[in-house]
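The listed protein sequences derive, respectively, from chains A and B.
Here the first sequence stands for residues 1 to 345, numbered as in the working numbering.
Here the second sequence stands for residues 1001 to 1345, numbered as in the working numbering.
By construction, these hints were calculated from the structure, which means they are not laboratory data.
Watch out, some of these pointers could steer you wrong.
Said to hold, decoys possible - In silico lysine-lysine, BS3-like type, Cα no more than 27 Å apart, as pairs:
| no. | chain 1 | residue 1 | chain 2 | residue 2 |
| --- | --- | --- | --- | --- |
| 1 | A | Lys76 | A | Lys280 |
| 2 | A | Lys4 | A | Lys297 |
| 3 | B | Lys1297 | B | Lys1178 |
| 4 | B | Lys1297 | B | Lys1004 |
| 5 | B | Lys1280 | B | Lys1076 |
| 6 | A | Lys193 | B | Lys1076 |
| 7 | B | Lys1193 | A | Lys76 |
| 8 | A | Lys280 | B | Lys1280 |
| 9 | A | Lys178 | A | Lys297 |
Said to hold, decoys possible - Quick list of the computed label-pair ranges, beta carbon to beta carbon:
| no. | chain 1 | residue 1 | chain 2 | residue 2 | range |
| --- | --- | --- | --- | --- | --- |
| 10 | B | Ser1128 | A | Ser306 | 40 to 46 Å |
| 11 | A | Val189 | B | Ser1206 | 47 to 53 Å |
| 12 | B | Gly1140 | A | Gln329 | 45 to 51 Å |
| 13 | A | Val189 | B | Gln1042 | 32 to 38 Å |
| 14 | B | Ser1179 | A | Ser257 | 24 to 30 Å |
Stated by the list, open to error - Partial list, computed: chain B residues near chain A (C-beta under 8 Å):
| no. | residue |
| --- | --- |
| 15 | Leu1014 |
| 16 | Leu1027 |
| 17 | Gly1150 |
| 18 | Val1153 |
| 19 | Asp1156 |
| 20 | Ile1222 |
| 21 | Lys1242 |
| 22 | Glu1245 |
Note that beta-carbon positions come from the ideal geometry of N, C-alpha and C, so glycine has one too.
Number of protein chains: 2
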Amino acid sequence: MPVKIALDAMGGDLGPRATVLGSIRALNAFSQLEIQLFGQRQELETALQALPNRSSANLARLSLIHSSSVVAEGAKPSSVLRGSSDSSMAMALRQVADGRAQACVSAGNTGALMALSRSLIGTVSGISRPAISTAIPTRGGGRCYLLDLGANVEADAARLVDFALMGEIMARRVDALKSPRVALLNVGVEGSKGTASVREANVLLSRLSGINYRGFVEGNGIFTGEVDVVVCDGFVGNAVLKASEGLAMMLIDRVQSTFEAHWGSRIVGALARPALRRLKNQLDPVRYNGASLLGLKGIVVKSHGSADATGFFHAISRAFREVDQALPQYLAQELDERRSVITLS
Amino acid sequence: MPVKIALDAMGGDLGPRATVLGSIRALNAFSQLEIQLFGQRQELETALQALPNRSSANLARLSLIHSSSVVAEGAKPSSVLRGSSDSSMAMALRQVADGRAQACVSAGNTGALMALSRSLIGTVSGISRPAISTAIPTRGGGRCYLLDLGANVEADAARLVDFALMGEIMARRVDALKSPRVALLNVGVEGSKGTASVREANVLLSRLSGINYRGFVEGNGIFTGEVDVVVCDGFVGNAVLKASEGLAMMLIDRVQSTFEAHWGSRIVGALARPALRRLKNQLDPVRYNGASLLGLKGIVVKSHGSADATGFFHAISRAFREVDQALPQYLAQELDERRSVITLS
Chain A
1 MPVKIALDAM GGDLGPRATV LGSIRALNAF SQLEIQLFGQ RQELETALQA
51 LPNRSSANLA RLSLIHSSSV VAEGAKPSSV LRGSSDSSMA MALRQVADGR
101 AQACVSAGNT GALMALSRSL IGTVSGISRP AISTAIPTRG GGRCYLLDLG
151 ANVEADAARL VDFALMGEIM ARRVDALKSP RVALLNVGVE GSKGTASVRE
201 ANVLLSRLSG INYRGFVEGN GIFTGEVDVV VCDGFVGNAV LKASEGLAMM
251 LIDRVQSTFE AHWGSRIVGA LARPALRRLK NQLDPVRYNG ASLLGLKGIV
301 VKSHGSADAT GFFHAISRAF REVDQALPQY LAQELDERRS VITLS
Chain B
1001 MPVKIALDAM GGDLGPRATV LGSIRALNAF SQLEIQLFGQ RQELETALQA
1051 LPNRSSANLA RLSLIHSSSV VAEGAKPSSV LRGSSDSSMA MALRQVADGR
1101 AQACVSAGNT GALMALSRSL IGTVSGISRP AISTAIPTRG GGRCYLLDLG
1151 ANVEADAARL VDFALMGEIM ARRVDALKSP RVALLNVGVE GSKGTASVRE
1201 ANVLLSRLSG INYRGFVEGN GIFTGEVDVV VCDGFVGNAV LKASEGLAMM
1251 LIDRVQSTFE AHWGSRIVGA LARPALRRLK NQLDPVRYNG ASLLGLKGIV
1301 VKSHGSADAT GFFHAISRAF REVDQALPQY LAQELDERRS VITLS
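Kindly produce the complete structure, drawing on both the sequences and the hints.
Now the structure itself:
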């Protein structure tokens, strides 16, 4: 069965060059994949023609669909909703809404993507706003889903429980973990610590059977590898993620200059650079991996605005895996089952 | 004029060995410093006798005061307040309260230190709870004060403005910055983003003259060097700080194993190790620098529980500089002046 993904090829700082190249890589990697590229036809064709080694077999699985406008990076979600429906983002999302594609990937304006996704695709029962989640690299080579990353700047206990359930389902389905370890982010590990929402969510999750809930972790717990899903409100998650990106950039710079300063050796510096660049990419998880909008009736993956072709490739791969695992269907079904348990108990 | 600092020598995971060694280093560094060590006399004496190169001139500025108990790491603040007043922490804080020392440094239980500080020393007018702040290293070799780090898990707009003012005064007085750049941490830089508290604080700070307020920064702004003070509630600050510590640890590990894997060379690994360890220390700011409790009538610096002698030395140095700059007096005076302006306008 083919997997059809609609790509907003105009989003992202690097323009169609990166999205087109990322698409070609994904087509090479997944033989069942079909990509629909939405954007200015002329630009997309130019980007395609500039590619080296185009395999015609792969190009047969790529279609271009012209869109006459692009959602501006600074556009407000409200004006995007009122505005024209012929943007590459809206058109790509409509493919998912209408069942002509199983997933959408965009590197455009996050607020607009969120608003258009809610309006065109809709959320599963009981979820008012999707949560944004990405896989953070951990010690020992693992990964940890952090959510929410900014869609919900405030979250009461019930919302935090929703995030926990959605993250757990994601890690179980998409990463094939048998029993993902789930934790709530807090300022300490004792039950008395934190805000009322976090304490109440802790009580609710502790009572819930069928979830491997591990209680509270502090911020460092995101990276230790001790849990697979860490839940917090979108303000905290966004601050933590962006601070981590900032720190990773600074650290890599310092490591590089430390090496160059200490051995004066440009050779060591030159040898180190590619390894450090790889590390920097890995530690810039949103840019690198893409972030899922969880809780929609369809699959939408946000690629970082400054993602290069590799970043796009990873975002498309994530969307592909979510389609393959029928994530939204499981999410809707399992959330319903869980909620009935919470209500009964 | 001598600067007298009371040290809770029993706090911290490494016990008196680290606190005593850190104290001796501080006495070597600051000729006006006098240290009062509070703890089990026998343990303190043993730690002192184990020191190499004890200079009798420096030891003359060190006094030992016996305390018969220690605040347990897991003790609840409420029980510490009700409990015995003969702990090393309570006795050291009482020195400040009674004017027999100008600052207290402790690596003990943060909640207990906060509760005992409020109760014994008291807060300056208008500040109900102190904020915790530490200096985070930034790109370009600078530093940025982040506050609050966990004393106030929730903060309304007025509290955020207090934090901004206290951080600004700290950076101006203690770091001698002429006009520290202050920002609010948010999930975006537009005025419409974030929680109600953050948006309201933004309006209040924008109207305030005499403060170099730069608006919102996102999490990465803590590390870029673009601002000197970043303000957020204690939940967010704590999550960001601990996530940063966790990420720094993971990154340093990965850098090390990347180097070792790529050149197979143990020599490069061995050469890199001290430089990497230095970096790790620098990027573990609380452990390294100590954190100030801002808004008290006296000076209290929290040293990290797992701080070694160098960490203690830095915490004592911070306390020394705060004494030297008469921080609490300026804080009380300037907060009063600012508040009258806010009320008038």
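Hints and how they fare:
1. At most 27 Å may separate the alpha-carbon atoms for a hinted pair to count; A:Lys76 and A:Lys280 exceed this at roughly 31 Å.
2. At roughly 16 Å between alpha-carbon atoms, A:Lys4 and A:Lys297 fall within 27 Å of each other, so this suggested pair holds.
3. Proposed proximity of B:Lys1297 and B:Lys1178 is supported: the alpha carbons are some 24 Å apart, at most 27 Å.
4. This hinted pair checks out: B:Lys1297 and B:Lys1004 have alpha carbons roughly 16 Å apart, not beyond 27 Å.
5. Restraint check for B:Lys1280 and B:Lys1076: the C-alpha separation of about 31 Å exceeds 27 Å, so the hint is violated.
6. Between the alpha carbons of A:Lys193 and B:Lys1076 the distance comes to roughly 11 Å, so the proposed pair stays at or under 27 Å and holds.
7. Distance restraint check for B:Lys1193 and A:Lys76: the Cα-Cα separation of roughly 11 Å lies within the 27 Å cut-off, and the hinted pair is therefore satisfied.
8. For the hint linking A:Lys280 to B:Lys1280, the alpha-carbon distance of about 17 Å falls within 27 Å, and the restraint holds.
9. At roughly 24 Å between alpha-carbon atoms, A:Lys178 and A:Lys297 fall within 27 Å of each other, so this suggested pair holds.
10. Roughly 42 Å separates the CB atoms of B:Ser1128 and A:Ser306, a value that falls within the hinted 40 to 46 Å.
11. Our hint of 47 to 53 Å for A:Val189 and B:Ser1206 is violated, since their Cβ atoms are close to 38 Å apart.
12. Restraint check, B:Gly1140 to A:Gln329: a C-beta distance of roughly 50 Å satisfies the suggested window 45 to 51 Å.
13. Distance hint for A:Val189 and B:Gln1042: a CB-CB separation of about 33 Å, consistent with the stated range 32 to 38 Å.
14. A beta carbon spacing of about 28 Å between B:Ser1179 and A:Ser257 agrees with the range 24 to 30 Å that was offered as a hint.
15. Interface hint status for B:Leu1014: violated, as the beta-carbon distance to the closest one in chain A is roughly 19 Å, over 8 Å.
16. A cut of 8 Å between beta carbons decides the hint on B:Leu1027: the least distance to chain A is about 31 Å, and the hint is violated.
17. A cut of 8 Å between beta carbons decides the hint on B:Gly1150: the least distance to chain A is about 5 Å, and the hint holds.
18. For B:Val1153, the suggested interface contact is upheld, since its CB lies about 5 Å from the closest CB of chain A, less than 8 Å.
19. For B:Asp1156, the shortest C-beta to C-beta distance to chain A is roughly 13 Å, which exceeds 8 Å, and the interface hint is violated.
20. Because the closest C-beta pair between B:Ile1222 and chain A is about 6 Å apart, less than 8 Å, the hint holds.
21. Taking 8 Å as the C-beta contact cut-off toward chain A, the hint placing B:Lys1242 at the interface holds, the least distance being around 3 Å.
22. Proximity of B:Glu1245 to chain A holds as hinted, the smallest CB-CB distance being about 5 Å (cut-off 8 Å).
The structure fails to meet hints 1, 5, 11, 15, 16 and 19 from the earlier list, while all remaining hints are met.
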